[in-house]
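Given these sequences and hints, build the entire structure.
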Amino acid sequence: MSDTASSTTSTPLEADHPIRKAIEQAARLVRQRTPLAQSFTNFVTINLVANAQLAVGGTAAMSYLPNDIADVSAIAGATYINVGTLLPFFATALPQIAKELNASAKPWVLDPVAAGLGKTRTAILQSFKENPPTIVRGNASEIIALTHIWNLDVASESTLRSDETTRPAGVESVDEVDQAQDAALTLARFLSSHSSTGTAAVAVSGAVDLVTDGADVYRLPGGSEMMTKITGAGCSLGGVTGTYLAVSEALTAAIAASVHFNCASHLAAETAAGPGTFQSAFLDALWNTSATDIAQGAILLSN
Amino acid sequence: MSDTASSTTSTPLEADHPIRKAIEQAARLVRQRTPLAQSFTNFVTINLVANAQLAVGGTAAMSYLPNDIADVSAIAGATYINVGTLLPFFATALPQIAKELNASAKPWVLDPVAAGLGKTRTAILQSFKENPPTIVRGNASEIIALTHIWNLDVASESTLRSDETTRPAGVESVDEVDQAQDAALTLARFLSSHSSTGTAAVAVSGAVDLVTDGADVYRLPGGSEMMTKITGAGCSLGGVTGTYLAVSEALTAAIAASVHFNCASHLAAETAAGPGTFQSAFLDALWNTSATDIAQGAILLSN
Amino acid sequence: MSDTASSTTSTPLEADHPIRKAIEQAARLVRQRTPLAQSFTNFVTINLVANAQLAVGGTAAMSYLPNDIADVSAIAGATYINVGTLLPFFATALPQIAKELNASAKPWVLDPVAAGLGKTRTAILQSFKENPPTIVRGNASEIIALTHIWNLDVASESTLRSDETTRPAGVESVDEVDQAQDAALTLARFLSSHSSTGTAAVAVSGAVDLVTDGADVYRLPGGSEMMTKITGAGCSLGGVTGTYLAVSEALTAAIAASVHFNCASHLAAETAAGPGTFQSAFLDALWNTSATDIAQGAILLSN
Chain E
1 MSDTASSTTS TPLEADHPIR KAIEQAARLV RQRTPLAQSF TNFVTINLVA
51 NAQLAVGGTA AMSYLPNDIA DVSAIAGATY INVGTLLPFF ATALPQIAKE
101 LNASAKPWVL DPVAAGLGKT RTAILQSFKE NPPTIVRGNA SEIIALTHIW
151 NLDVASESTL RSDETTRPAG VESVDEVDQA QDAALTLARF LSSHSSTGTA
201 AVAVSGAVDL VTDGADVYRL PGGSEMMTKI TGAGCSLGGV TGTYLAVSEA
251 LTAAIAASVH FNCASHLAAE TAAGPGTFQS AFLDALWNTS ATDIAQGAIL
301 LSN
Chain Z
304 MSDTASSTTS TPLEADHPIR KAIEQAARLV RQRTPLAQSF TNFVTINLVA
354 NAQLAVGGTA AMSYLPNDIA DVSAIAGATY INVGTLLPFF ATALPQIAKE
404 LNASAKPWVL DPVAAGLGKT RTAILQSFKE NPPTIVRGNA SEIIALTHIW
454 NLDVASESTL RSDETTRPAG VESVDEVDQA QDAALTLARF LSSHSSTGTA
504 AVAVSGAVDL VTDGADVYRL PGGSEMMTKI TGAGCSLGGV TGTYLAVSEA
554 LTAAIAASVH FNCASHLAAE TAAGPGTFQS AFLDALWNTS ATDIAQGAIL
604 LSN
Chain S
607 MSDTASSTTS TPLEADHPIR KAIEQAARLV RQRTPLAQSF TNFVTINLVA
657 NAQLAVGGTA AMSYLPNDIA DVSAIAGATY INVGTLLPFF ATALPQIAKE
707 LNASAKPWVL DPVAAGLGKT RTAILQSFKE NPPTIVRGNA SEIIALTHIW
757 NLDVASESTL RSDETTRPAG VESVDEVDQA QDAALTLARF LSSHSSTGTA
807 AVAVSGAVDL VTDGADVYRL PGGSEMMTKI TGAGCSLGGV TGTYLAVSEA
857 LTAAIAASVH FNCASHLAAE TAAGPGTFQS AFLDALWNTS ATDIAQGAIL
907 LSN
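Listed in order, the protein sequences are those of chains E, Z and S. Number 303 marks the last residue of the first sequence (my numbering); no jumps. Number 606 marks the last residue of the second sequence (my numbering); no jumps. Number 909 marks the last residue of the third sequence (my numbering); no jumps.
Any given hint might turn out to be false.
Heads up, simulated DSSO-like pairs for lysine-lysine below, C-alpha to C-alpha not over 30 Å straight-line [as the list claims (entries may be wrong)]:
1. Z:K422 with Z:K432
2. E:K119 with S:K705
3. S:K725 with S:K705
4. E:K99 with Z:K422
5. S:K712 with S:K725
6. E:K129 with E:K106
7. S:K735 with S:K712
8. E:K99 with E:K119
9. E:K21 with E:K106
10. E:K119 with E:K106
11. S:K712 with S:K627
12. E:K119 with S:K735
13. Z:K432 with Z:K402
14. E:K106 with Z:K422
15. S:K725 with Z:K409
16. S:K725 with Z:K402
17. E:K129 with Z:K422
18. S:K712 with E:K119
19. Z:K432 with Z:K409
20. S:K735 with S:K725
21. E:K129 with E:K99
22. E:K119 with E:K129
23. Z:K432 with S:K725
Don't read these hints as lab results, they were simulated from the structure.
Next up, the structure:
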């Protein structure tokens, strides 16, 4: 935590690095097994989440009832939870679902959309501290805000940040990815220490994505800026992270999903004439990008 | 019911068969009258359901409140009900809606998504036995599960199937269409005997669709496998079945909708570069396929 | 109010008319500032609303909880409320939200989808009379119905219309835009008299859109009929009107959004092969149409 983002240097991961091999295997497994990852997600982008999961090779099921989630979790490889558009009953349903997933040691991904906004959302996110996810994926402001809501930033950062600066601009990040590195490391260590497998990861999405397991920090450049001009880029990445988590451990899943998205968005941007055709081309590219290309995508190791 | 699926033979329906004439007329009427079919459907694919209804020539209205559905049913030709993403209040709203639709003899289509999963869904589906729909459309596992939930399979199949084999893999079918033929026939006979018009149909979606009115069995090949790579292929087919039900009787509506989808998905697959452009091309093809082409689509009569 | 629609004449707005300058400035500001307009909108078209807001240059946030809306309203330039697919709790949430928005003088757009259908919707719409929006955007039947629900048509029209003729055909208009001119003028004057800034507008969507501030009436021709073959054309226009309202006053926002849509839909129709590719091309065209082209779009002043 003593390192600041500005002092980090990043070097490309070697072509034969074990992480790349793990990513390639994960991408192959998703396409061989069409794993089911279920989602409890917002109403805005629920369709894109499902279509992205199908486009990478998985299958999708979406539910809002604890008894549905419990039944499907018996056959699903992972669960994705996104707190974007809350309904009143989510305040009791979501804590119950997190408790049941963790009681049965089921891996799950949390997308803390708009963390810091709305007391219902804050209460739900607070409850997850007792039953934390395997992976948290969000933008920089959301990662910082969740770390703050869980009081994990008290020791190192309480004098640096006030509540105001950790509140996102709606669903947009007001912070840069690098500013969230300390929070991401702290959060990943907390998740790892509570994980039934001992492994966990945090993914911070931005111009250059950042993924960490609490030990190493990976930076993933190369995605298209057009991803910020369609709704659901982050949510669908969260859902696809769930798909990868159904066939691999947390760090591999988080990196594989982000790299797959970066490759596909880069490819889609080359042919798209605007955000409408970009979305179609992006789903096509998720489908068409090979496991080898994903594994050889841009990955930097920071230190 | 004594025939098993493996012993069936299927022959192409003649070009001037009355069913083909009924399909052509239905397709023409949809485009002339732009009939309204309202939907109570899941949040994942609600947009595609509406867009598919518009693309075949109908109009759409979506609601979740019994008083909305009742008001719109006065002006709608049919209603489509899909139990995909349940909210708690659906447990009372849906049985009430089914009761009101049947009390006023309004035709409706049931899509028993994920039948067999979740006690709330099971309770809702059980309640529909008292107020059954005009058409049930689902995948093989869902049709088998609904027949089981309604105890219609007791006499013939209770010794063959346990609860476990009738539970779908989330929203995916674990059974093949042929395995659901007996259940579809049983279900269609039950629906017919409770229909205010005496007619009803069951449609089983899969690689080759199966439609039956309880007497004859029709098989509809030719759809594209890419339909399994976009979310909502089944739901939008259910919604369009509602659109066709607004202008024709049950058997014609179920076959016409499936054949229209098969023609369009086949056409779309020829130009699509992946699931993203496939969805756009599929909606275009629904719009562009002529009534004559639909009526002359692949239809096999089984016996 | 004594003029009837049939006697109006319309003349093109001059190229250097102040309204055109205001539209051009608004379109530039949206792209410079990427303003946030939040939405409480229906589940059918929520994705298109967000994507359209992004495609014109703004940002989006969608919520259903009063505490979310209140938190986001502090950072959002405007709020868009659409009563399409109601859930039971909306009956209390929406009146509370309207009250809070008006108490803090926050501008908002109301889309009275299916006004006249369903007692829950009618009760919600009635409640808004006490806390009226800055802009109302709807089809002709919805504008007439809302004016009727608020008893604003008593003096002039009570003998002309019965409840029956003001009920829309589901979400489709049974009335022509011109038939709603009197209602739109009446409604706009009511909104202006209750607006914290003294300005307000009503937009009636149709083959030729009509926008009025209660004094002047503008007609906006040139949109593509394909807009009636995708779901959410009206809703996304409402959302984009919110985006423009975040950077300009009511009349400019309503006209700018409609003209931007008409330009883009005209452009999209030139290349689309059907409703699927039309939707993608439309979002592309929203993104690609310049502020100058929007400002020089077809606008007629009626008198």
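Against the structure, the hints:
Proposed proximity of K422 of chain Z and K432 of chain Z is supported: the alpha carbons are some 16 Å apart, at most 30 Å. Pair hint K119 of chain E plus K705 of chain S holds up; C-alpha atoms about 19 Å apart against a cutoff of 30 Å. Between the alpha carbons of K725 of chain S and K705 of chain S the distance comes to roughly 20 Å, so the proposed pair stays at or under 30 Å and holds. The straight-line distance between the Cα atoms of K99 of chain E and K422 of chain Z is roughly 19 Å, inside the 30 Å bound, and the hint therefore holds.
Distance restraint check for K712 of chain S and K725 of chain S: the Cα-Cα separation of roughly 27 Å lies within the 30 Å cut-off, and the hinted pair is therefore satisfied. With a C-alpha separation of about 16 Å, the suggested pairing of K129 of chain E with K106 of chain E holds against the 30 Å cut-off. Between the alpha carbons of K735 of chain S and K712 of chain S the distance comes to roughly 16 Å, so the proposed pair stays at or under 30 Å and holds. Annotation: proposed proximity of K99 of chain E to K119 of chain E holds, straight-line Cα distance about 20 Å (limit 30 Å).
Restraint check for K21 of chain E and K106 of chain E: the C-alpha separation of about 25 Å stays at or below 30 Å, so the hint holds. Between K119 of chain E and K106 of chain E the alpha-carbon distance is near 27 Å, which keeps this suggested pair within the 30 Å criterion. Of the supplied pair hints, the one linking K712 of chain S and K627 of chain S holds, its CA atoms being roughly 25 Å apart against a limit of 30 Å. For a cut-off of 30 Å, the pair hint linking K119 of chain E to K735 of chain S stands: about 28 Å separates their Cα positions.
About 10 Å separates the Cα atoms of K432 of chain Z and K402 of chain Z, which keeps this hinted pair within 30 Å; it holds. Proposed proximity of K106 of chain E and K422 of chain Z is supported: the alpha carbons are some 21 Å apart, at most 30 Å. Restraint check for K725 of chain S and K409 of chain Z: the C-alpha separation of about 21 Å stays at or below 30 Å, so the hint holds. Between K725 of chain S and K402 of chain Z, the direct Cα distance comes to roughly 19 Å. Compliance with the 30 Å bound is thereby established for this hinted pair.
Restraint check: the Cα-Cα separation between K129 of chain E and K422 of chain Z comes to about 28 Å, which is no more than 30 Å; the hinted pair holds. Our distance criterion of 30 Å between C-alpha atoms is met by K712 of chain S and K119 of chain E, whose separation comes to about 21 Å. At most 30 Å may separate the alpha-carbon atoms for a hinted pair to count; K432 of chain Z and K409 of chain Z meet this at roughly 16 Å. For the proposed pair K735 of chain S and K725 of chain S, the alpha carbon gap of about 16 Å is at most 30 Å, so the pair holds.
Under the criterion of a C-alpha separation no larger than 30 Å, the hint pairing K129 of chain E with K99 of chain E is consistent with the structure, at around 10 Å. At roughly 16 Å between alpha-carbon atoms, K119 of chain E and K129 of chain E fall within 30 Å of each other, so this suggested pair holds. Distance check on the hinted pair: K432 of chain Z and K725 of chain S sit about 28 Å apart at the alpha-carbon level, within 30 Å; holds.
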